[in-house]
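Residues per chain are reported as follows:
2 protein chains.
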Amino acid sequence: MENSTPTRKRGRPLKTDGSNMTTKEKLVRYGTVILTEKGLASTGLDEILKTVGVPKGSFYHYFASKDDFGLAVIQHYETYFANKLDRCLWNKNRTPLDCLADFIEEAKDGMTRHAFKRGCLIGNLGQELGALNEKFRVPLEKVFLDWQNRVADCLERAKTTGQISSQTDSQEMAAFFWIGWEGAILRAKLVKSCAPLDLFAKHFFNSF
Amino acid sequence: MENSTPTRKRGRPLKTDGSNMTTKEKLVRYGTVILTEKGLASTGLDEILKTVGVPKGSFYHYFASKDDFGLAVIQHYETYFANKLDRCLWNKNRTPLDCLADFIEEAKDGMTRHAFKRGCLIGNLGQELGALNEKFRVPLEKVFLDWQNRVADCLERAKTTGQISSQTDSQEMAAFFWIGWEGAILRAKLVKSCAPLDLFAKHFFNSF
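Those protein sequence lines, which keep their order, are chains X and Z.
The working numbering puts the first residue of the first sequence at 1, with every later residue one more than the last.
The working numbering puts the first residue of the second sequence at 1, with every later residue one more than the last.
Isolated chain X (complex conformation) (with noise of 0.2 Å):
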């Protein structure tokens, strides 16, 4: 059986096809798709155990809990979508303000192709959460803090180029940005159409 904290070659990528993966990455890469749709309390174990192919008894093998796992699944997606980030703002062929909205196209390509069921993980834990349990609470902020700059160097290279003023001030923009996109994306889940993202972000670029 593996250990329960696997390990991976230096530089080996994480498959996103599944064939390579431990069983640990299998059940954090399945509990992310599960539990940016349904949440936590919703996703029952025994369907992700299921479809992972894995014995019921085997979970607390790899998670000391369900809570457990739905950090690791926090810290999972943390990665993946600060990787997703820096692709789109760091694109060099590209202004820093035309790949903020190169990630937003994305976004909305992402709601679109999962007919609107699927949201933002953390926007959806948050919500669930939050308010509830401190375990989660300061993970799920530390995240949104993490975006948060990522976006306000987007805007201080912004500022470089002329795109905006040099009075911006980039992090309270960059906060303003999350406030409303994770508001904008719930809406969406609502009306399934990206016309609430649209509305925000047509809004969030004429403040500046």
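Among the hints, a few may not be true.
Copies of the same chain are indistinguishable here, so a pair counts whether it falls within one copy or spans any two.
Stated by the list, open to error - Computed cross-link-like contacts, PhoX-like style, restricted to lysine-lysine with a CA-CA straight-line distance of at most 20 Å:
hint	residue 1	residue 2
1	Lys108	Lys84
2	Lys135	Lys192
3	Lys56	Lys26
4	Lys108	Lys159
5	Lys142	Lys117
6	Lys56	Lys24
7	Lys135	Lys92
8	Lys142	Lys84
9	Lys142	Lys192
10	Lys202	Lys192
11	Lys24	Lys202
12	Lys92	Lys56
Don't read these hints as lab results, they were simulated from the structure.
On the provided structure of chain X, position chain Z as indicated by the hints.
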């Protein structure tokens, strides 16, 4: 035993201390509190029944299912919140934009009073169920549209008094308000502070 669809005498107010409420009203009233904090999946019916003092077997005398109970709670919150909005937004002693600012201050007081554990029932259930359950998605979006119309009416009044430009698209700005506001409520729960509410309000009012 009370009728499963109790009616109140015309004009008899719904008491907030629970003394004159029917059992069904008490269940909905306490359900509103607990679902606003915990959402539907995390809320055990036992907890509600025990608090209200209703025998476990009686629940299905009042509601066909837990979902039906959730829908009754949404309907109750819709009425409560529409009254709250109207009280703030139709204050004749204040300018229309000040009325909206008053609503924001009242919401901040409420969040603070409840230690940032309660947010917005519609935002919470929208996040939890909007993408999963069509039976909830439609009424939840209907509530947002109702709130949106009330804010749009307020902005129309701000246009007639010259407080904002007559070119303002009131419906669009009202949609922007609720998108950002729900995102700000979510973040306020995570940071346990009104800062996200203030930040969004600042940028919202600056966009006129």
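Hint check results:
no.	hint	result
1	Lys108 - Lys84	within (14 Å within a copy, 34 Å between copies)
2	Lys135 - Lys192	between (32 Å within a copy, 14 Å between copies)
3	Lys56 - Lys26	within (15 Å within a copy, 40 Å between copies)
4	Lys108 - Lys159	neither (26 Å within a copy, 33 Å between copies)
5	Lys142 - Lys117	between (25 Å within a copy, 18 Å between copies)
6	Lys56 - Lys24	within (14 Å within a copy, 40 Å between copies)
7	Lys135 - Lys92	neither (38 Å within a copy, 46 Å between copies)
8	Lys142 - Lys84	within (17 Å within a copy, 34 Å between copies)
9	Lys142 - Lys192	between (29 Å within a copy, 13 Å between copies)
10	Lys202 - Lys192	within (19 Å within a copy, 29 Å between copies)
11	Lys24 - Lys202	neither (41 Å within a copy, 45 Å between copies)
12	Lys92 - Lys56	neither (48 Å within a copy, 63 Å between copies)
In this structure, the hints that do not hold are numbers 4, 7, 11 and 12, in rising order.
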